[in-house]
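Given the sequences, and given the hints that come with them, work out the whole structure.
Line by line, the protein sequences are chains A and B. So the first sequence is numbered by the UniProt record's numbering: it starts at 1 and just counts up by one. So the second sequence is numbered by the UniProt record's numbering: it starts at 1 and just counts up by one.
It is worth saying that the hints were derived from the structure and are not from the lab. For every residue, glycine included, the Cβ atom is placed at its ideal position computed from N, Cα and C. It is possible that part of the hints are untrue.
Sample of chain A residues at the chain B side, in silico, Cβ under 8 Å [unchecked claim]: (1) Asp175; (2) Glu177; (3) Val178; (4) Glu180; (5) Thr184; (6) Leu185; (7) Gly186; (8) Ser188; (9) Gln191; (10) Ile196; (11) Pro199; (12) Gly200.
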Amino acid sequence: MTTAPAQAGWRFRQPSVIPGFGLTLGFSLAYLTLIILIPLSGLLWRSAALGWPEFWAIATDRRTIKALEISFGTAFIAAAVNVVFGTLVAWVLVRYRFPGRRIVDAMVDLPFALPTAVAGIALTTLYAPNGWIGKLLMPLGIKVAYTPLGIVIALVFIGLPFVVRTVQPIMEEIDKEVEEAAATLGASRFQIITRILFPGLAPAIVTGFSLAFARGVGEYGSVIFIAGNLPYKSEIAPLLIVIRLEEYNYPAATAIAAIMLALSFVMLLVVNLVQAWSRKRYG
Amino acid sequence: MEVRVANVRKEFDRFPALHDVSLDIKSGELIALLGPSGSGKTTLLRLIAGLERPTRGKIFFGDEDASQRSIQERNVGFVFQHYALFRHMTVADNIGFGLKVRHGPSRPPAQEIRRRASELLDLVQLSGLEKRYPAQLSGGQRQRVALARAMAIEPKVLLLDEPFGALDAQVRRELRRWLREIHDATGHTTVFVTHDQEEALELADRVVVMSQGRIEQVGTADDIYDTPNSPFVYGFIGESSSLPVKVENGEIWLADRPIGLAAPHEPSGDATLFFRPHDVELLDGCSGCIAGTVAASRRVAGTRRVELEIGGERQRVEIELPVDHPAAQKSRVAFRPGRWKLFPAT
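Here you go:
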């Protein structure tokens, strides 16, 4: 045993009174490796079994591109819709006291708990051309089920709690005094919302958006029932992967998966950079 | 701007926080609202600001009835205990906010707003910190920014709610002196709330002592300390000791002995005698004095504080002695208050 001289610079282990650093870090790393790292590297390994030209051929296949477009496009639209209405729901839950508030609050979590296939079937029944809502929309020329619009609706349903539950706690923390200060300085109610409250909530809203978006991109269960799954029209990328698997075309399936992985990674990276930037500025 | 609070009552959920309060604040005056927590001082301040609406009564700014006006229209500067700065804005943007949200011709051009912000930063001695964010400032600096922000709109009245409450003692003393200087330089009518009597007495032109939703006394530091008009004010401001006594034929009696104090104008009956612990005259013999057994003796800064048990009922009072006074060693001390005041027993 030697006592290391105090050295400037980075040290692997910060002195701490809390014991168990080695044990907990070791366990965390092993756990993350087992649960996340090995499956993902397996995925990359399998798709690497393809040669570059074959990979490129699958990646640029029109059906693959269309499926990716639909997956990311609908997830983006659904996340955007959820940001608007999820923030609104959070606002109502935080700011107002009304009978049944707790019930509404609990209802927000339903999409978390409900098996997604059940949600998909229920939405399909409602929005199908002969369903309750579909029947009303039909004369207006709006077709929901078996179109990308149906996918968006399913993803809105699935993604709502992600936005509400990330925005709600931040909204609850907003200091009433800050609003009062703005009011004494002459700011109108609208100016207080747009100039004081909204900028304060922006980081939480971005997080909520990215969670809802990530969930939407990977969603399978609820979508396949309502989407109709027409290739080039309403076929999502996760379904295409399943189709390739059923054809025992493992390289193609893993290639599509690897592309999705890369795109999602880039998305999360961007979101994290935005957040790190805002944290640095506003503390 | 002169501020007049006229017979204001405020209830929260039927619970009265202020009972029929009236107060005249002169233009350019620095006034302190002083009282224990729950005395209604912050409620009164918020009513003047328009952050609360009175249940009854009116508030005038000059001759104009301000109770009809919204917070936005009142044009008051309000400084909060916990600063309430806008975290996502730079210091300069915080200070300029009140000017930026104005509409039409009353909004100065951006350049003018920026100039005004740095002018105010100079005034609060934070020149050069325009680009910082509130998270990058110390508590004392934040409160200075908050004050600059409140002054940017050229308010009719400046209202401060325990402005130094969240700061440590040294910064507090420093900012206190500094606020006085700023007030003398700018001449805003200023009302501040505090529960720190030292702060109130040192800083304010006049002090409003409040208790349980009522104003007990309004006056200068001298008035409040030397001629308190109620047992509450006597007990709340500075150190005090009290004893239950009886007045008979213009003489004050403690239990069955006269204590050598004449009160020719007081009605006969039970009363409470108040005096300052440091303002007592020690006596050797005792024919007409207050005498007690020493129960405890503590050294407090430059003096020695002695606790005495008086009479059969062992009433405790405190007196202050010079540190090296021989009486502190004795087991029995006799004294007579120098300046004192009687209040009828309730």
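Hint-by-hint comparison with the structure:
A hinted interface residue such as Asp175 of chain A counts as satisfied when its beta carbon comes closer than 8 Å to some beta carbon of chain B; here the least separation is about 6 Å, so the hint holds. Look at Glu177 of chain A: its Cβ gets to within about 4 Å of chain B, closer than 8 Å, so that hint holds up. Restraint check, Val178 of chain A versus chain B: the minimum CB separation of about 5 Å is within 8 Å; hint holds. For the restraint placing Glu180 of chain A at the interface with chain B, the shortest Cβ-Cβ distance is roughly 6 Å, inside the 8 Å limit, so the hint holds.
Using the Cβ-Cβ criterion of 8 Å, the hint placing Thr184 of chain A at the interface with chain B is satisfied: the shortest such distance is roughly 4 Å. Because the closest C-beta pair between Leu185 of chain A and chain B is about 4 Å apart, less than 8 Å, the hint holds. Of the supplied interface hints, the one on Gly186 of chain A holds, with its beta-carbon coming within about 5 Å of a beta-carbon of chain B, less than 8 Å. A hinted interface residue such as Ser188 of chain A counts as satisfied when its beta carbon comes closer than 8 Å to some beta carbon of chain B; here the least separation is about 6 Å, so the hint holds.
Hint status for Gln191 of chain A: holds, given a least beta-carbon distance of 5 Å to chain B, under 8 Å. For the restraint placing Ile196 of chain A at the interface with chain B, the shortest Cβ-Cβ distance is roughly 6 Å, inside the 8 Å limit, so the hint holds. Given the 8 Å rule on beta carbons, the hint for Pro199 of chain A holds: about 4 Å separates it from the nearest Cβ of chain B. Annotation: interface hint on Gly200 of chain A holds; nearest CB of chain B at approximately 6 Å, less than 8 Å.
When the structure is compared with the earlier hints, no violation turns up for any of them.
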